[in-house]
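For the sequence shown, the working numbering gives the first residue as 170, with consecutive numbering after it.
Any given hint could be a false lead.
Computed beta-carbon distance windows for the label pairs [as the list claims (entries may be wrong)]:
{"id": "1", "residue 1": "264", "residue 2": "198", "range": "31 to 41 Å"}
{"id": "2", "residue 1": "193", "residue 2": "321", "range": "29 to 39 Å"}
{"id": "3", "residue 1": "201", "residue 2": "273", "range": "18 to 28 Å"}
{"id": "4", "residue 1": "311", "residue 2": "182", "range": "33 to 43 Å"}
{"id": "5", "residue 1": "200", "residue 2": "300", "range": "19 to 29 Å"}
{"id": "6", "residue 1": "196", "residue 2": "234", "range": "31 to 41 Å"}
Honestly, the hints are just simulated from the structure, not real lab data.
Since the model is a prediction, treat every value here as computed from it, not as a measurement.
Heads up, the beta-carbon is just placed ideally off N, CA and C, and yes, glycines get one too.
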Amino acid sequence: NARLPKNIAMTDLLIKEWHQHSLGNIGDELGSSRLVMGFPLWGEQFVADFLNYHLPSLLTNNLDGIASVLYVDAAAEQALRNLPYPIYFRRLPDAIMEGLRREPEHRYVLLAAVHNLLINEAASIGAGFHMSCPDAIYSDGYFDRLGRLAKQHAAIVQSALVLSKST
């Protein structure tokens, strides 16, 4: 850390190096998916939110042609391994996760890097892209309606209500 400029944290550098390496290794694993959706996921609370909110609402939808991609740490991957829905897992490097434990303010740099990787994965197969999060809840038929709109419009911007649960 002593050799780094004062305004650049080690965690940021790790994320940027991982991002550049990952961009160079995007393959066609997602095949003929028409939509790629995903997000980074780590930590007990976000895994619980994913299982309690996101996944149940996803399963009320027709998910044919949708590739769900989660960038996860080791614990999240283990917890989500046997879901009733196919998910493509991308492992976040342990060094980055350790860095985020020390410097949690850099989680937004990781979020931006994952967002960019997902956009590039979608572009590599000519699919649409939908960024989500572990506590997003979808209405029944959301993706069917989105698919119908995509046939009529060159671009769709997601607008959503944001609610928070009181404690």
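Open item on the list: Taking the earlier hints as the rules, which of them does this structure contradict?
Closed with: Per hint list: 1, 3, 6 violated.
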